[in-house]
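**Student:** Chain by chain, the residues run as shown.
There are 2 protein chains.
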Amino acid sequence: MMLVTSGAVAFGKQRLRHEILLSQSVRQALHSGQNQLKEMAIPVLEARACAAAGQSGLMALYEAMFTQYSICAAQILVTNLDFHDEQKRRNLNGTLHELLRMNIVPIVNTNDAVVPPAEPNSDLQGVNVISVKDNDSLAARLAVEMKTDLLIVLSDVEGLFDSPPGSDDAKLIDIFYPGDQQSVTFGTKSRVGMGGMEAKVKAALWALQGGTSVVIANGTHPKVSGHVITDIVEGKKVGTFFSEVKPAGPTVEQQGEMARSGGRALATLEPEQRAEIIHHLADLLTDQRDEILLANKKDLEEAEGKGRLAAPLLKRLSLSTSKLNSLAIGLRQIAASSQESVGRVLRRTRIANNLELEQVTVPIGVLLVIFESRPDCLPQVAALAIASGNGLLLKGGKEAAHSNRILHLLTQEALSIHGVKEAVQLVNTREEVEDLCRLDKLIDLIIPRGSSQLVRDIQKAAKGIPVMGHSEGICHMYVDSEASVDKITRLVRDSKCEYPAACNALETLLIHRDLLRTPLFDQIIDMLRVEQVKIHAGPKFASYLTFSPSEVKSLRTEYGDLEICIEVVDSVQEAIDHIHKYGSSHTDVIVTENEKTAEFFLQHVDSACVFWNASTRFSDGYRFGLGAEVGISTSRIHARGPVGLEGLLTTKWLLRGQDHVVSDFSEHGSLKYLHENLPIPQRNTN
Amino acid sequence: MMLVTSGAVAFGKQRLRHEILLSQSVRQALHSGQNQLKEMAIPVLEARACAAAGQSGLMALYEAMFTQYSICAAQILVTNLDFHDEQKRRNLNGTLHELLRMNIVPIVNTNDAVVPPAEPNSDLQGVNVISVKDNDSLAARLAVEMKTDLLIVLSDVEGLFDSPPGSDDAKLIDIFYPGDQQSVTFGTKSRVGMGGMEAKVKAALWALQGGTSVVIANGTHPKVSGHVITDIVEGKKVGTFFSEVKPAGPTVEQQGEMARSGGRALATLEPEQRAEIIHHLADLLTDQRDEILLANKKDLEEAEGKGRLAAPLLKRLSLSTSKLNSLAIGLRQIAASSQESVGRVLRRTRIANNLELEQVTVPIGVLLVIFESRPDCLPQVAALAIASGNGLLLKGGKEAAHSNRILHLLTQEALSIHGVKEAVQLVNTREEVEDLCRLDKLIDLIIPRGSSQLVRDIQKAAKGIPVMGHSEGICHMYVDSEASVDKITRLVRDSKCEYPAACNALETLLIHRDLLRTPLFDQIIDMLRVEQVKIHAGPKFASYLTFSPSEVKSLRTEYGDLEICIEVVDSVQEAIDHIHKYGSSHTDVIVTENEKTAEFFLQHVDSACVFWNASTRFSDGYRFGLGAEVGISTSRIHARGPVGLEGLLTTKWLLRGQDHVVSDFSEHGSLKYLHENLPIPQRNTN
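Chains as they are written, first to last, in UniProt numbering: chain H, 1 to 686; chain X, 1 to 686.
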């Protein structure tokens, strides 16, 4: 690690100002005033004096900081001439290497006190000549001389933009290739330091030619973790990275554009054509089975080789003939329900004679679906996007790379039969999920498929893009005092034990106080013991028992396992209050024979799904009869609860007139609004 | 400005470690190793040695930093005893005042090299005695001694939490009143510095009693602008503010809770009852006219007195009898449409025998509506919330404070007739809009009503809460080669000139190339000249003309005024591409007599509203016949285009069974899913 630093002149300016103030006559001082003095311009010549005066203070500052970490620093002052003389260059090189060998950080600066002013246009010509006229060129020169791996140029801007920052379309360039140089317009200079962005880019290109990678980034407001250098060294997407090698594939921005236009083309196909694509994809999944399983085997071998994945993860990662067959069956179901999705008329209104309004369903636009190790997610999600006419960006887990690649190729093959191959894109670039979540101009909706941790992370990372996904399912079952003995154990067992890992499995059983110490209560506990469910006691429940199970840590826990919390309530109202306080508005159930109590519960519980005498596990798109399931949403807008294809749709309004203008409908106009509801043309449902 | 600083011991530790390393024998050094040395515990006694060794380095660091801003610093070391002796105290006081008078920043630290270890429990008893045992108590002592206005305690946590940070329900306390002390549980100590949070709070309370305000905040990751001290001094909501005075009203968090429970009560009323409330509010607006206008007059006088508001703003701010009357009429319309909102059944499915699923509309929850200077917004928005059964937080402009207060009182009076007074809350606390936008646990949807700048600002500020609102309306009209001469000028005039400030007014006229230099084209230009519309030329249009109007700066401009951009396109496809590239997906129109071209345009343009031979100005909830208008949304999820009451609704799923469990429906189960669509009970529409 070597540092090239600015700051000596700024440091010195302050000191010299002070001295000038002291050496002025009182009259001069009064005349110029404190403020004027502060803004006093320092003539060019004085810059050298400033540098000399400031250098010692600057070094003292660095020493003080590094001392905190037991790191020793050394000062190196160089001039342009030191690089021209072969002998001097070798000396400098040797000194720096010796310092680095001793774990001392060299702090390098131009020897501004003695160096002549830089000649314009005399530098950066060709590969072998660079004149050191500012810290950017000095750093580039040193980086090449010392064969460093990486040169980090910190500035007060985010990096290099494709047009002057602040202008309409200015976009940060993530990776800059030398060949693209002409596409950049340079804006005004950076506020601090001597080198503007143009000088930095020139220096960066020079260093790149010399074999050093370069990053230009913002040092003052770091984007990711708050530690810009660490982020860069960890390979995160910070600032602009200069690279000689242009990757073969498109950038993620280009993929977004392709998904947008491909999706638009997809949306204008006939519903039958979209269904045909999905059927073709289903065929390919079974026809190309061997190839798919071969690719999947590679993923499995690599995962096992690295020993990274636990057994359940390996199970999710692995594909099989039967998995592919049931996947194909699922796809055909999606194809069937796709007939009913895009272009459905929801509302028709006659606004005036010959002025008719229609609200129709249309795709949302471009979806980003992020999924973890399950490769079978890919064709399923692709089919949903195709059925709803949306463009799709897919970001899968690295561990399933081979499987995802072949499944994506087959998807594009299926899309090709109607010339919309590009509607579904697989993101292969190094972009982190967080980086994708920031592309609000490209993506209209993010759907995370995976653990609730993934969903929460993405909800946090998404800036301005809506996210559809449930983050938690803390489901309750309230057993009323008028519950039927026969039903309860059946309902509790199914809700808790049938598949405890699901988000719609039961977490908390709320029991009416009257049921304590009844045979019914004992039956429930016996059943839970037989099923080996670990019981946690809520605070009230614990207080009722002489010997109680361990008290629950938080009433807001999602177990995802054979564990349950039991709590006692005094009334249906208390049950509702408990659910509102600790629940996640996912699925909540009442068990009672009293219809009035049940309806009170159904009306008052503010959750996506509220059930009466039915298992929590019914909360599911397939069981609800929605056809394909997109997911279960605990969000309160757009779609809530189990979401079918309509969750991937929005609407647009079509108005067909003759030459209608609103001024005709004004107070003194000739027309009046009719606002007649018109019948909606029926397609067959199911 | 005075500084009380930590760091001397840490600074010294590094130095002493180094010295110990040097004075060890080689064997010792090899045995212990560098790493072990780093983690070597420094015995208690050595802390004083560290302080002595570190103090000079610490001061050098401060000097170096302050020198950059031409600020002189001075070192003051004090001990506990300096405060016990009256004479010494007076000396210290005098020294500090003298330094401050000379614009020198005193940097104060305990003289750790000579001070005895603090006696536990000997400090902070009563008002007059505080022993200086750490920097927190030292700072509190000095703040009171020097009668400072504000003591800022910077730590590495955000402030004071109501339970240990990191625990389930931990919430930052914005304002802490001494009487509330018992409600706080202290967690573990801060990682840096000697004083844990408990010590800081004790010191803060002591300083508060002595007459100094206190803020405890995070110094390392500032929340708002990145400059924590500036933010605090500007009164922004940063960290925990300690105050003796408890405000009379509820906090915004309490208001959110009240709106939530009030809204839930509102939602369970009968539709007729909600309508009744709105009718009553409409009555109050006319009955209490004089009082309302009196309050409004106060606002107007204050605004004029301050000379802050421009004429159009004053116009928006002012109420009148006729405004109130038409407001009342609007409210009665909302009351009428409210019958159809909450509890509407959208879908019914028979899942199995005696297992029926119902999807019904329910309120979203709690809405936050932010509106600017128009006080008439308040009853209108309140009526919409009441009609849809939502809780409501209102945040109005300061300039309308008097009007808003009376209008809110009347709203609560109307709500009282069915005991749901608290469903609508007016936020009067000092919270900035940005602070409200962070309350994601309290608020489900934010609706900004005002300028598109306001909408954009709020979309930026909202963290995890959806925002409904259009940020821009860049509307296009494409005049096809087969357009009818008679219609065009009519449609263009209405779209552009009828009310140019509206978001649905026309921005860009796209003309088919064949129409250039035809009489039709001249007619359009003549009309625009007569209407005094300023014409901007798109680049292609400009290239076709010998003398063209000034070229447009950006094809993405929303004028909001009598200005229009004209551009030339070669085909309907090029028009669509232009709209997709430069439009805001709000409202776009085609003018043509060719139905095929029109349908192509209607199908392919991806905007919320797409019209054929009709003015852009029809894009409006009232004109669409949606009853009450919530706003026009350019978002792609939830609601799009003109939004009626249904934009304030979501759905929930009700499932009524007997004792249904999903395991009965498994592959080998006894039951099969029926998924029969059931008829939906019809209420009368309109």
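These aren't lab readings, by the way, just hints derived from the structure by calculation. Don't take every hint at face value.
No copy is singled out in the list; a pair is fine if it fits within one copy or between any two copies.
In silico DSSO-like pairs for lysine-lysine, Cα to Cα no more than 27 angstroms straight-line [stated by the list, open to error]:
no. : residue 1 : residue 2
1   : K236      : K246
2   : K171      : K672
3   : K441      : K553
4   : K306      : K534
5   : K421      : K147
**Student:** Any hints from earlier that this structure breaks? Give me their numbers in increasing order, please.
**Tutor:** Violated: hints 2, 4, 5.
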